[in-house]
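Starting from the known structure of chain H, arrange chain Z on it as the hints suggest.
Here are the chains, one letter per residue:
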Amino acid sequence: MVDIFRGYLVSMEAYGGIEPTPSNSMIVVKIDCSQDDIRITYNTDESYELRITQELGEVVRVSITAPTAFGVRHALETLSQLAAWDDLAGSVVLVNEVFVSDRPFYRHRGLMVDTSRNFIQLGDLYRTVDGMSYNKLNTLHLHLTDAHSFPFDSPSVPQMAVYGAYSERKKYTVTDLKALNEYANTRGIRIVPELDGPAHSAYGWQWGPDYGLGDLALCVNRLNRTNVCIGPPCGIQNPVNENTYGVLELLFSDLKEAFSPDVFHLGADEVKFGCWNITEEIVDWLEDQGRGREEVDFYYLWGYYQNRTLEKVDTVYGNIPVIVWTSSLTEENFVENVITPERYIVQIWTESSEPSIASLYNKGYDLIFSNSDNWYLDCGYGSWVGDGNNWCSPYKGWQLLYDNDPLEILANQGILNPDPQRIWGGEAAMWTEQTDGGTLDGKLWPRGSAIAERLWSNPPGKWRTAEKRLVHMREVLCLRGIGADPVQPHWCHQNEGVCYYE
Amino acid sequence: MLIEKMMTVLHGYFEKMEEDGLKVTVPHGADTEHELSLDIYINRCEKQITLQTNESYSLWVNTEGTSTVASIAAETCFGARHGLETLSQLISWDYAFGSLIMQTSATIIDAPAYPHRGLMVDTARNFISLEKLLHIIDGLAHDKMNTLHLHLSDANSFPFDSKRVPQMAKYGAYSPRKVYSFEDLKELGEYANVRGVRIIPEIDAPAHAGNGWQWGSEYGLGDLALCVNESPRSQGACYDPPCGILNPVNNYTYDVLESIYFDLMQALNPDMFHMGGDEVRFNCWNNTNEITEWMTLNGLSRTEEDFFHLWKYFQNTSLQRVDNVFGRDTPVILWTSSLTDQVAVNGHLDPGRYIIQVWSGSRDFTIPRLYYTGYRLIFSNVDAWYLDCGYGSWVGDGLNSCAPYKSWQVMYDNDLDYLMRGFGIRPDPGKILGGEAAMWSEQVDDATIDGKIWPRLSAVAERLWSNLPERWRFAERRFVHHRERMLLKGIMGDAVQPLWCHQNEGFCYN
Chain H
0 MVDIFRGYLV
10 SMEAYGGIEP
20 TPSNSMIVVK
30 IDCSQDDIRI
40 TYNTDESYEL
50 RITQELGEVV
60 RVSITAPTAF
70 GVRHALETLS
80 QLAAWDDLAG
90 SVVLVNEVFV
100 SDRPFYRHRG
110 LMVDTSRNFI
120 QLGDLYRTVD
130 GMSYNKLNTL
140 HLHLTDAHSF
150 PFDSPSVPQM
160 AVYGAYSERK
170 KYTVTDLKAL
180 NEYANTRGIR
190 IVPELDGPAH
200 SAYGWQWGPD
210 YGLGDLALCV
220 NRLNRTNVCI
230 GPPCGIQNPV
240 NENTYGVLEL
250 LFSDLKEAFS
260 PDVFHLGADE
270 VKFGCWNITE
280 EIVDWLEDQG
290 RGREEVDFYY
300 LWGYYQNRTL
310 EKVDTVYGNI
320 PVIVWTSSLT
330 EENFVENVIT
340 PERYIVQIWT
350 ESSEPSIASL
360 YNKGYDLIFS
370 NSDNWYLDCG
380 YGSWVGDGNN
390 WCSPYKGWQL
400 LYDNDPLEIL
410 ANQGILNPDP
420 QRIWGGEAAM
430 WTEQTDGGTL
440 DGKLWPRGSA
450 IAERLWSNPP
460 GKWRTAEKRL
470 VHMREVLCLR
480 GIGADPVQPH
490 WCHQNEGVCY
500 YE
Chain Z
0 MLIEKMMTVL
10 HGYFEKMEED
20 GLKVTVPHGA
30 DTEHELSLDI
40 YINRCEKQIT
50 LQTNESYSLW
60 VNTEGTSTVA
70 SIAAETCFGA
80 RHGLETLSQL
90 ISWDYAFGSL
100 IMQTSATIID
110 APAYPHRGLM
120 VDTARNFISL
130 EKLLHIIDGL
140 AHDKMNTLHL
150 HLSDANSFPF
160 DSKRVPQMAK
170 YGAYSPRKVY
180 SFEDLKELGE
190 YANVRGVRII
200 PEIDAPAHAG
210 NGWQWGSEYG
220 LGDLALCVNE
230 SPRSQGACYD
240 PPCGILNPVN
250 NYTYDVLESI
260 YFDLMQALNP
270 DMFHMGGDEV
280 RFNCWNNTNE
290 ITEWMTLNGL
300 SRTEEDFFHL
310 WKYFQNTSLQ
320 RVDNVFGRDT
330 PVILWTSSLT
340 DQVAVNGHLD
350 PGRYIIQVWS
360 GSRDFTIPRL
370 YYTGYRLIFS
380 NVDAWYLDCG
390 YGSWVGDGLN
400 SCAPYKSWQV
410 MYDNDLDYLM
420 RGFGIRPDPG
430 KILGGEAAMW
440 SEQVDDATID
450 GKIWPRLSAV
460 AERLWSNLPE
470 RWRFAERRFV
480 HHRERMLLKG
490 IMGDAVQPLW
500 CHQNEGFCYN
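From first to last, the protein sequence lines stand for chains H and Z.
Heads up: the first sequence begins at 0 in numbering that gives the first Met the number 0, then just goes up one per residue.
Heads up: the second sequence begins at 0 in numbering that gives the first Met the number 0, then just goes up one per residue.
Next up, chain H with everything else stripped away, as it sits in the complex (with noise of 0.2 Å):
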């Protein structure tokens, strides 16, 4: 981490391209931290104090005091946010005076990058993870597969990237995920990795006929998808074939290999029942079971699924926490019965007006935010199904992300005093149907900074108190190799708190 802070050093000179300035300042960082963790985890204390004090003489001292080596990065973060190359001195300058107290008002603050409607090359996520060390972030979400492709080289069960993977080079083997793993612990972030299910899962699945195992998935690429799927492309996955189960076993365990995830992302979301209703062998399964082909029973078998699908994964991982999407699962009466408050988080990505979030809080989920009104990064773009722009358009500026707030989510649906520990965060949520790497920087940043200053400060203002703060982050982002993308012109940055309309 120390090393870390030093290449920030490093780059502030190499920005400024001249010798620097010889002088004799000298700074002594003191770093006390009682617990070297060795992963960062939701019960992970990230406070820390920094202290900052100029002696005679020219010594600069640091002193840096965390409870974990998570809290000294924040710290060590901080700390090169004070220090700046300033081309008028020809060398680094530093804040001499300061004293510090900080900590993360939310313990869950993240981004979601969608790796399977299009592909990210390992070298963007990397990025990304700096990006997001850089914002004091520490959750990188991977909604690994979908529908249109399954990039993830399981060795358990190969024919999954045989069939589901675009191309030879766009695919992660557990070697790679693992590597990106530690890079981002060391960076205080923690991976989560999402295996969608039932729903979209087509590519990658196709492969059980051929192998003797009956259909792992079903209506894959179907063409009509009239009520009977969203897509394109179609496709969910079996829930009445054993050997679904046995292939999901399997990819958890590959996964918890390549990240041993304290706490695991099953999707569940948008699960048509249209598919399931003209599968012989699912009918015939539901008949078996004295079942018809009315709705609720077709909720039955999403449950039953579910439940087979939360044992496969207890039996890899223990009982760690489990989170699952908004679906219509979520707001039926009986989803506590499935759905259980102990086991899942919900992660919302409903509007904030859906009376459904205050009705899951009031039924005992613990909750992450993504809403779609704010939180969603993908909006606003052409429709690539289509005319006009993509469904959840407008474009959802910096000022709607760093002005959504929770509490106030929960508040303007009556509920005043929520259990600080049942609202775990949030995450900004990058669908990729229409970004990949050369895009991908421009897209999260910055308004992946206003989000973590949402989830870390929960500040009292709105983003006009912001502003200044936010466009100056956005040329450190640049400095540091981050392509964001500029919110104003540059005059803006140069004559602060001027570019408004009266």
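Fair warning: there could be bad hints in the mix.
Said to hold, decoys possible - As a list, the in silico SDA-like pairs of lysine to any residue whose alpha-carbon atoms are at most 20 Å apart:
#1 H/K169 with Z/K488
#2 Z/K177 with H/E495
#3 Z/K488 with H/G436
No wet-lab data here; the hints were simulated from the structure.
Frame of chain H; chain Z shown alone:
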């Protein structure tokens, strides 16, 4: 020789294809060498592209045994260049074989529908580095676009380091790192020419001018610009911050302009010049004693019509300076504005001299008025061809002023004939010169400009080159593939669909 330089660029494409391909494949499919030879016939190699340049070409590809001959015939080098560009699209890297493969036979006879096919880049709101501009020209070449219009300066900054007037950049550039030297622009012009692209410099005036012009008083020339960086901005003094407008009654203003024009002429030798002329608000002039006194002396009071007189005076006087530098045959471009709207009715700006760049919406009645007055038109209508729309506001809440985002579909479908027919006009030949997609840079710079220009610019490029009666659905598969092709050539355009759609063509619909 120009054509040799163009061929070197083509060679570069193949080398890059092979280099990138060999990084991931081991050649194993081909055991004999296949030869590609090139015959090029050019009637007359013009040195620089103009509105009259014949950009047509024919391309024949024939294969016998292990030898393929590609023949290109064109009137000019620029036509031949387009032939080379098309030839490069017939060749790609095959990952299965581990080698380059190409079409064995083809007959292509091709010519552009419009002579002015361009991209405007604003280098004043945010600076765009020289490296990035050179890179953008690469992209233009791949799209057979032939114009890069540089909106060089604006109220925010003046990045051009004029040799004759060094104060401009000293007072106006954002920083020493954000400047174009004379040599930079010269290099840009030459690089562009080899790739079939002309550069049109724009010095926007009298409005959209501020930073860079503040030094007048210090040097004994009086105020060259007024209300510069005025804060708080007085009622309606300017549209967006920062404020700034040139002083039309100070003779030195025109001297400085002429010097800047001279430098640009020497650096770029452009075949057209852009004088800007948009969004003038009269409040600043109305609040300036020097100006109101001048108006009184010249028999004008302070009505709106009087200020239009003053604006026309500015335009005519600065045009004289343009004439001094570029000659009277050089076409001059102006944006649509309240002035062009007025003169369309009253007729003061010579239609023989001025070309109007239309940025209003496609249903604005200023368009037929301008057409009937006799102006030649270039289209950059805001409802389709503005690349910057759709992001968050940079001056407050909500979205930026021309939201929503213009998708590639909207850009592709912007058919200029159809647009004019909407006004009952079948344009005479030579009246609609073409168009430009506009990359205003309030919210873009080097870091993200590729993705905001491409692949949408390719949609505009096909509209202006081929001008097909069909709409975007007809072009979708080729468009998505072209985006992949551009990626391989290093242009980092945005993704418009999941890769699944490229691999399963025609299946991504609702």
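Hints and how they fare:
no.	hint	verdict
1	H/K169 with Z/K488	holds (19 Å)
2	Z/K177 with H/E495	holds (19 Å)
3	Z/K488 with H/G436	holds (15 Å)
Checked against the numbered hints above, the structure breaks none of them.
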